[in-house]
Structures are given as structure tokens and as C-alpha cells.
Amino acid sequence: SQQGEEDPQALSIQEGENATMNCSYKTSINNLQWYRQNSGRGLVHLILIRSNEREKHSGRLRVTLDTSKKSSSLLITASRAADTASYFCATDAIPRGSNYKLTFGKGTLLTVNP
Amino acid sequence: KAGVTQTPRYLIKTRGQQVTLSCSPISGHRSVSWYQQTPGQGLQFLFEYFSETQRNKGNFPGRFSGRQFSNSRSEMNVSTLELGDSALYLCASSASTVRDEAFFGQGTRLTVV
Numbered sequence: 001s002q003q004g005e006e007d008p009q010a011l012s013i014q015e016g017e018n019a020t021m022n023c024s025y026k027t028s029i030n031n032l033q034w035y036r037q038n039s040g041r042g043l044v045h046l047i048l049i050r051s052n053e054r055e056k057h058s059g060r061l062r063v064t065l066d067t068s069k070k071s072s073s074l075l076i077t078a079s080r081a082a083d084t085a086s087y088f089c090a091t092d093a094i095p096r097g098s099n100y101k102l103t104f105g106k107g108t109l110l111t112v113n114p
Numbered sequence: 115k116a117g118v119t120q121t122p123r124y125l126i127k128t129r130g131q132q133v134t135l136s137c138s139p140i141s142g143h144r145s146v147s148w149y150q151q152t153p154g155q156g157l158q159f160l161f162e163y164f165s166e167t168q169r170n171k172g173n174f175p176g177r178f179s180g181r182q183f184s185n186s187r188s189e190m191n192v193s194t195l196e197l198g199d200s201a202l203y204l205c206a207s208s209a210s211t212v213r214d215e216a217f218f219g220q221g222t223r224l225t226v227v
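Protein chains in written order, with the numbering used here: chain F, 1 to 114; chain X, 115 to 227.
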């Protein structure tokens, strides 16, 4: 089963509005990463937040992490049409032995209308 | 510095054939991971290599294999292709482990007909 689950599955907003996407996961993690994917292309790394961090900013992006609730949120402020993409969270679980992999959710499809 | 490079970008193969995909990680990165992305299953982990050793493997049949060379470049091979192998194959590069940021290539779009 997927470690991360994004919510909502799809989000449609107007340019200039803020977009918030949520991610929930099941097991304890070392860090959580957010990625963007434009239609059928590679994943673009947006931000990494470690388990001992609660909030991180990068430009118009703000990520929060609540390890007690096993959840994270990605906020995109002042959205632009170019932000239209799928957004994924990816987690790495606390390893039992070696567990060198990221586990992805199914993503949130964000559409920003001009 | 240059990003992760995957070749080829697109491939069309026939059922039963085999295919080899290539990934060149970011210079200095030693960990390379492979993922399969399909509309139905999403992003699924295939395997991860570090210093030419496979450290972890996902739940894929033995038809899927990979290797890493001393310069950290990696290849994955799929033998006896099936229609269900049609997918976007993505390679990720990390400095050491997934605790580091993982950077992805543009992917190889494989279509099996």
C-alpha cells in the first residue's frame, strides 16, 4: 500500500489564489519530500523537510510537517498558470535494516486557471 | 551542474523483446534508484544501487534487473516484455541515501505493442 496519500486528488483554482495540498503517511519517517510533475514528464524536486522540522519555505512554497498526525501540507501562494501540474509527496520510512527507497502517494492534480 | 540524464526518452518495443534503459546521475551522486510510473499503480519503486551494489529491491518480477557501473551510471533491463510493462521509467539520483534530496531525470517512456 502507498505510504503517502495526497488530498485532494484534484484541485482547480484561479490564478493568484493559494493552493493547499495535504499528504498523510502511515509509518515513522526520516524525511518527506514534495515533487512536481508536468504532464508525463520527470519529477521536479520542490522541497525536503526532515522529521525534526515543522515548517520550511522556498519562494512561494511553504511546507509543514506534523509527525504526531503523520501528515504534511504544501501551500503554493499566489498561484500561476505555470503551477499547473501533479504534486506528489514522497517519504522514506525509518528503516528496519536497509530501506533505501522513497514511497510516493498518488498525487494531487492542480489546475490553475488564467 | 548537469541534472540526471536518462536515455532514450522514448522507446517502442514488441512483446517478448528486451530493453535496456540508461541513467547518468548528478556528478558526485552515488545512489541511483529506479521507479516505474503507470496511471493505475502510480510510482512504484524498482531498485536502488549504491557503489555498484543493489541495496534494495521492490516487488517486481525477475524480468526487471539493473546494474550500476563504477562511474555511478546505471542501467535497467527488462526482458521478455509484456504489454503491462508500458510505463514511464524514472531514475533518481541522491548523494548517498534517500535521506538526501532525490533528483529525478525526465524519464524514459516505454511503449510495448
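Hints were generated in silico from the structure; no laboratory data involved.
Hints may contain errors.
[Claimed, not checked] Here are the in silico distance ranges between beta carbons for each label pair:
hint: 1; chain 1: X; residue 1: THR121; chain 2: F; residue 2: ALA10; range: 30 to 38 Å
hint: 2; chain 1: X; residue 1: ASN173; chain 2: F; residue 2: GLY16; range: 41 to 49 Å
hint: 3; chain 1: F; residue 1: GLN9; chain 2: X; residue 2: GLY142; range: 33 to 41 Å
hint: 4; chain 1: F; residue 1: ALA81; chain 2: X; residue 2: GLY156; range: 24 to 32 Å
[Stated by the list, open to error] Just some of the chain F residues that point at chain X, by a computed CB distance under 10 Å:
hint: 5; residue: GLN37
hint: 6; residue: LEU43
hint: 7; residue: ILE47
hint: 8; residue: ARG50
hint: 9; residue: ARG54
Built from N, CA and C at the ideal position, the CB exists for glycine as well.
Hints versus structure:
| no. | hint | verdict |
| --- | --- | --- |
| 1 | THR121(X) <-> ALA10(F): 30 to 38 Å | 33 Å, holds |
| 2 | ASN173(X) <-> GLY16(F): 41 to 49 Å | 43 Å, holds |
| 3 | GLN9(F) <-> GLY142(X): 33 to 41 Å | 37 Å, holds |
| 4 | ALA81(F) <-> GLY156(X): 24 to 32 Å | 25 Å, holds |
| 5 | GLN37 | 9 Å, holds |
| 6 | LEU43 | 4 Å, holds |
| 7 | ILE47 | 9 Å, holds |
| 8 | ARG50 | 8 Å, holds |
| 9 | ARG54 | 18 Å, violated |
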